[in-house]
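There are 2 protein chains.
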Amino acid sequence: MRQDIFLAGSGLTRFGEWWEKSLRDLMSEAATAALRSSGMSPLEIDLVVVANMLAETANDQAGLGALASSLFPHRPPALRVEAACGSGSLALHTACAFLESGRAKTVLVLGAEKMTDAPANAVAEALMGAADGELDAPSGITFPGIFGLIGQRYMHEYDLTREQLSVVSAVHHRNAMDNPFAHFRQELSPEAVSASPLVSDPLRLFDCSPVSDGAAACILSTARRSPLRIAASQVASDTLSITERPTIVSFPATREAMSRALLEAGIERSDIRAVETHDCFSIAAVINVEDLGFAREGEGIRLYEEAYAGHPSLFVNMSGGLKACGHPVAATGLKQLIDAGKHLERASIRYGLAHNFGGAGAACGIHILENIEA
Amino acid sequence: MRQDIFLAGSGLTRFGEWWEKSLRDLMSEAATAALRSSGMSPLEIDLVVVANMLAETANDQAGLGALASSLFPHRPPALRVEAACGSGSLALHTACAFLESGRAKTVLVLGAEKMTDAPANAVAEALMGAADGELDAPSGITFPGIFGLIGQRYMHEYDLTREQLSVVSAVHHRNAMDNPFAHFRQELSPEAVSASPLVSDPLRLFDCSPVSDGAAACILSTARRSPLRIAASQVASDTLSITERPTIVSFPATREAMSRALLEAGIERSDIRAVETHDCFSIAAVINVEDLGFAREGEGIRLYEEAYAGHPSLFVNMSGGLKACGHPVAATGLKQLIDAGKHLERASIRYGLAHNFGGAGAACGIHILENIEA
Numbered sequence: 001m002r003q004d005i006f007l008a009g010s011g012l013t014r015f016g017e018w019w020e021k022s023l024r025d026l027m028s029e030a031a032t033a034a035l036r037s038s039g040m041s042p043l044e045i046d047l048v049v050v051a052n053m054l055a056e057t058a059n060d061q062a063g064l065g066a067l068a069s070s071l072f073p074h075r076p077p078a079l080r081v082e083a084a085c086g087s088g089s090l091a092l093h094t095a096c097a098f099l100e101s102g103r104a105k106t107v108l109v110l111g112a113e114k115m116t117d118a119p120a121n122a123v124a125e126a127l128m129g130a131a132d133g134e135l136d137a138p139s140g141i142t143f144p145g146i147f148g149l150i151g152q153r154y155m156h157e158y159d160l161t162r163e164q165l166s167v168v169s170a171v172h173h174r175n176a177m178d179n180p181f182a183h184f185r186q187e188l189s190p191e192a193v194s195a196s197p198l199v200s201d202p203l204r205l206f207d208c209s210p211v212s213d214g215a216a217a218c219i220l221s222t223a224r225r226s227p228l229r230i231a232a233s234q235v236a237s238d239t240l241s242i243t244e245r246p247t248i249v250s251f252p253a254t255r256e257a258m259s260r261a262l263l264e265a266g267i268e269r270s271d272i273r274a275v276e277t278h279d280c281f282s283i284a285a286v287i288n289v290e291d292l293g294f295a296r297e298g299e300g301i302r303l304y305e306e307a308y309a310g311h312p313s314l315f316v317n318m319s320g321g322l323k324a325c326g327h328p329v330a331a332t333g334l335k336q337l338i339d340a341g342k343h344l345e346r347a348s349i350r351y352g353l354a355h356n357f358g359g360a361g362a363a364c365g366i367h368i369l370e371n372i373e374a
Numbered sequence: 001m002r003q004d005i006f007l008a009g010s011g012l013t014r015f016g017e018w019w020e021k022s023l024r025d026l027m028s029e030a031a032t033a034a035l036r037s038s039g040m041s042p043l044e045i046d047l048v049v050v051a052n053m054l055a056e057t058a059n060d061q062a063g064l065g066a067l068a069s070s071l072f073p074h075r076p077p078a079l080r081v082e083a084a085c086g087s088g089s090l091a092l093h094t095a096c097a098f099l100e101s102g103r104a105k106t107v108l109v110l111g112a113e114k115m116t117d118a119p120a121n122a123v124a125e126a127l128m129g130a131a132d133g134e135l136d137a138p139s140g141i142t143f144p145g146i147f148g149l150i151g152q153r154y155m156h157e158y159d160l161t162r163e164q165l166s167v168v169s170a171v172h173h174r175n176a177m178d179n180p181f182a183h184f185r186q187e188l189s190p191e192a193v194s195a196s197p198l199v200s201d202p203l204r205l206f207d208c209s210p211v212s213d214g215a216a217a218c219i220l221s222t223a224r225r226s227p228l229r230i231a232a233s234q235v236a237s238d239t240l241s242i243t244e245r246p247t248i249v250s251f252p253a254t255r256e257a258m259s260r261a262l263l264e265a266g267i268e269r270s271d272i273r274a275v276e277t278h279d280c281f282s283i284a285a286v287i288n289v290e291d292l293g294f295a296r297e298g299e300g301i302r303l304y305e306e307a308y309a310g311h312p313s314l315f316v317n318m319s320g321g322l323k324a325c326g327h328p329v330a331a332t333g334l335k336q337l338i339d340a341g342k343h344l345e346r347a348s349i350r351y352g353l354a355h356n357f358g359g360a361g362a363a364c365g366i367h368i369l370e371n372i373e374a
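So the sequences go chain by chain: A and B. If you count the first sequence from 1, position 312 lands on 312 in UniProt numbering, and the numbers rise without skipping. If you count the second sequence from 1, position 7 lands on 7 in UniProt numbering, and the numbers rise without skipping.
Keep in mind that a hint or two might mislead.
To be verified - A few chain A residues that face chain B, going by a derived Cβ cut-off under 10 Å, partial list only:
{"no.": "1", "residue": "N52"}
{"no.": "2", "residue": "A223"}
{"no.": "3", "residue": "L240"}
{"no.": "4", "residue": "S241"}
{"no.": "5", "residue": "G293"}
Unchecked claim - Stretch by stretch, here's where chain B covers chain A in the computed footprint (C-beta under 8 Å, at least three residues):
{"no.": "6", "region": "54 to 64"}
{"no.": "7", "region": "67 to 76"}
{"no.": "8", "region": "100 to 111"}
{"no.": "9", "region": "117 to 129"}
Unchecked claim - Result set (SDA-like, lysine to any residue): computed pairs, CA atoms no more than 20 Å apart in a straight line:
{"no.": "10", "chain 1": "A", "residue 1": "K105", "chain 2": "B", "residue 2": "R260"}
{"no.": "11", "chain 1": "A", "residue 1": "K105", "chain 2": "B", "residue 2": "R2"}
{"no.": "12", "chain 1": "A", "residue 1": "K342", "chain 2": "A", "residue 2": "S313"}
{"no.": "13", "chain 1": "A", "residue 1": "K21", "chain 2": "A", "residue 2": "A33"}
{"no.": "14", "chain 1": "B", "residue 1": "K21", "chain 2": "A", "residue 2": "E134"}
{"no.": "15", "chain 1": "A", "residue 1": "K105", "chain 2": "B", "residue 2": "K21"}
{"no.": "16", "chain 1": "B", "residue 1": "K21", "chain 2": "A", "residue 2": "A137"}
{"no.": "17", "chain 1": "A", "residue 1": "K21", "chain 2": "B", "residue 2": "R260"}
{"no.": "18", "chain 1": "B", "residue 1": "K105", "chain 2": "A", "residue 2": "A33"}
{"no.": "19", "chain 1": "B", "residue 1": "K21", "chain 2": "A", "residue 2": "L135"}
{"no.": "20", "chain 1": "B", "residue 1": "K105", "chain 2": "A", "residue 2": "E134"}
{"no.": "21", "chain 1": "B", "residue 1": "K105", "chain 2": "A", "residue 2": "K342"}
{"no.": "22", "chain 1": "A", "residue 1": "K105", "chain 2": "B", "residue 2": "G102"}
{"no.": "23", "chain 1": "B", "residue 1": "K105", "chain 2": "A", "residue 2": "Q3"}
Because the hints were derived from the structure by calculation, they are not lab data. Backbone N, C-alpha and C fix where the C-beta goes; we use that ideal spot for every residue, glycine too.
The shape of chain A in the complex, shown without the other chains (with noise of 0.2 Å):
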């Protein structure tokens, strides 16, 4: 980083199904409780970089910059950000960039989406919107398609059985238990989830994320207001159509940008001792930390089966993944840094990282963020 920026607070809505509640209360409630946890005046944000995918189609509304604005009394420069469901990570790489410009001192990223008020198949066919609308959508797959078709793939080439990915979703049950944040704080067998209704094989339906409403706020600043320092932010870009790729079982943008986040920040792999990923489907865990370089090619569900017996070697979603959080797209990016940071002072841990992507890894972001304090 060319400029010590710190996670001076924080602020989350439960994810959850919010019927009583509108995109504007999710967002005001989550940029409220970061401005009480950093202790700040709202009048010292100079800039609101606003994270979203889907208001246009689910809410009707645009201009989500302007509207997070008018929040402030001072209705201070306000943007959004998108990139489908990688918008949060992207938000704040861009908050990163205006801090580093000597633009602001002092930046609110607040990512929301309110996907319940739409009915499923407009989720569905919004959510679509991450792949390519000229070679993807007119076959009429889904993105659990994708993911189904990214997961038939993956087993071919691994042999990794249906038992084995079923521990996936168990653990992050498992982690959720703890998160009064979470979507679902229950706990799920590997069994239950083998026997779910199937969605799109070998995808069972508690392979999934599910669609989730949801705030998350992160107030980044140049002034150590915290022990929470961003040591890299880094983002890649892939076509957003799987068909024009190489391989499937792999996505190169995670890749590229955690090999330009360990550069950025000074650091081996090896010092990264939590992370939290981007689960949007159980396939996607297992190679995502095999991008992440935490595993070899194949061989990812092993930190997952280490997890589920009690000794990880790695601390992969403590928070409990999106797929207990909850998955309102826009907002896990942030929640993702708030957890890891959240993690790193628990245990006294010095380097975490969020990894978020969106699409099926066309734009993804990697934020690795160091406590000074460990």
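Since chain A is already given, all that's left is putting chain B on it; use the hints.
Chain B alone, transformed into the frame defined by chain A:
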């Protein structure tokens, strides 16, 4: 500006109804033209910032950053910025922050809309996303309706006549006759404007900018590759809803961004000789020159009357403005910067300004351009 930034290249598609081209086609055409004009290799692009408002609703496509990145062999990092019709200038502002941060040396800013893929009523609904979904939309009002109310109030306060207002579009159409990229290149008399069908009293059809397809691309570089330097980049926010404003005959976000832009550029308002301003409706063109400080309140029409009479005191919308060039909403802010630059070079003028906003002035972006060879 904390870092010299130059407009190293630019490209436009002609704005219009491009039934046979996709959003990707338009983006590619503008990006290719910008690269060609800059003489740079595609591999020199460090980052792509896409400006777009309507792709989710009109084209079922999100993740435009990744889509734009895929136009390049090295797939640079990319993100999308949205601030309704102000998306273009907010994207330029974001690109400036990345250049000033040191994270990029060359940024492609690419604004594009493919509005004619959706039926007119769907486009009108989607554009209402730029107003407040809770405070404005339930009334059933549309954007021409919002600016109709603004027009009514302005005429009441300042005794502007219908005949006077008609001069605005006449000036814009005359200016566009030499612009090969304009949607409409035919002359339009004030009488024809006054006689056109009523849309939202007092606004008639020819007071309204059209629904257009189109793309505009700017290559911003920290290297001096052209005589056009960005002397200031400022943005400001206001409420989405006009119901929360103390007045509707002035847009405070314009005033705020303008005063900060003059400060940043270190120049006087009178140094600026050419302005591209956001005439989404004729009445906005009148209000804007007042908010920018080039006319007193209630006297904005005089600038257009002088121009129509052939002795302009300020060059306003020499491109033809949104009315005659067309208004592919997120491309507009970039097109304004490009056209301001063209006028500075053609007329050997030193300072020009591009003024773009979203909604009814809810998000405003102002860029001051300096022709360092004038």
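A quick look at each hint next to the structure:
Interface hint at A:N52: satisfied, since its Cβ lies 9 Å from the closest Cβ of chain B, which is below the 10 Å cut-off. Because the smallest distance between the Cβ of A:A223 and any Cβ of chain B comes to about 18 Å, over 10 Å, the interface hint for this residue is violated. Annotation: interface hint on A:L240 holds; nearest CB of chain B at approximately 5 Å, less than 10 Å. A hinted interface residue such as A:S241 counts as satisfied when its beta carbon comes closer than 10 Å to some beta carbon of chain B; here the least separation is about 9 Å, so the hint holds.
A distance limit of 10 Å between C-beta atoms decides the matter here; for A:G293 the minimum to chain B is near 20 Å, and the interface restraint is violated. Three residues within the 8 Å Cβ limit are the bar, and the region 54 to 64 of chain A against chain B gives 10, so the coverage statement holds. Check on the region 67 to 76 of chain A: 5 of its residues sit with their Cβ under 8 Å from a Cβ of chain B, so the three-residue criterion for coverage holds. Coverage of the region 100 to 111 of chain A by chain B holds [criterion: at least 3 residues with CB-CB distance below 8 Å; count 4].
Taking a C-beta to C-beta cut-off of 8 Å, the region 117 to 129 of chain A contributes 4 residues in contact with chain B, enough for the three needed, and the coverage statement holds. For the suggested pair A:K105 and B:R260, the alpha carbons sit about 17 Å apart, so the restraint of at most 20 Å is met. For the suggested pair A:K105 and B:R2, the alpha carbons sit about 15 Å apart, so the restraint of at most 20 Å is met. Taking the CA atoms of A:K342 and A:S313, the gap is about 19 Å. The hint holds against a cut of 20 Å.
The hinted pair formed by A:K21 and A:A33 meets the criterion: a straight-line CA distance of about 16 Å does not exceed 20 Å. In summary, the hint linking B:K21 to A:E134 is supported, as the alpha carbons are separated by about 12 Å, within the 20 Å threshold. Under the criterion of a C-alpha separation no larger than 20 Å, the hint pairing A:K105 with B:K21 is inconsistent with the structure, at around 43 Å. Distance hint between B:K21 and A:A137 is fulfilled; the C-alpha atoms sit about 18 Å from each other, no more than 20 Å.
Between A:K21 and B:R260 the CA atoms are separated by roughly 37 Å; this puts the pair beyond 20 Å, and the hint is violated. A threshold of 20 Å between alpha carbons decides the hint, and for B:K105 with A:A33 the separation of about 37 Å lies outside it, so the pair is violated. At roughly 15 Å between alpha-carbon atoms, B:K21 and A:L135 fall within 20 Å of each other, so this suggested pair holds. Taking the CA atoms of B:K105 and A:E134, the gap is about 32 Å. The hint is violated against a cut of 20 Å.
At most 20 Å may separate the alpha-carbon atoms for a hinted pair to count; B:K105 and A:K342 exceed this at roughly 35 Å. Among the hinted pairs, A:K105 with B:G102 is consistent with the structure: their alpha-carbon atoms are about 16 Å apart, no more than 20 Å. A distance of roughly 17 Å separates the Cα atoms of B:K105 and A:Q3; the hinted pair therefore holds under the 20 Å criterion.
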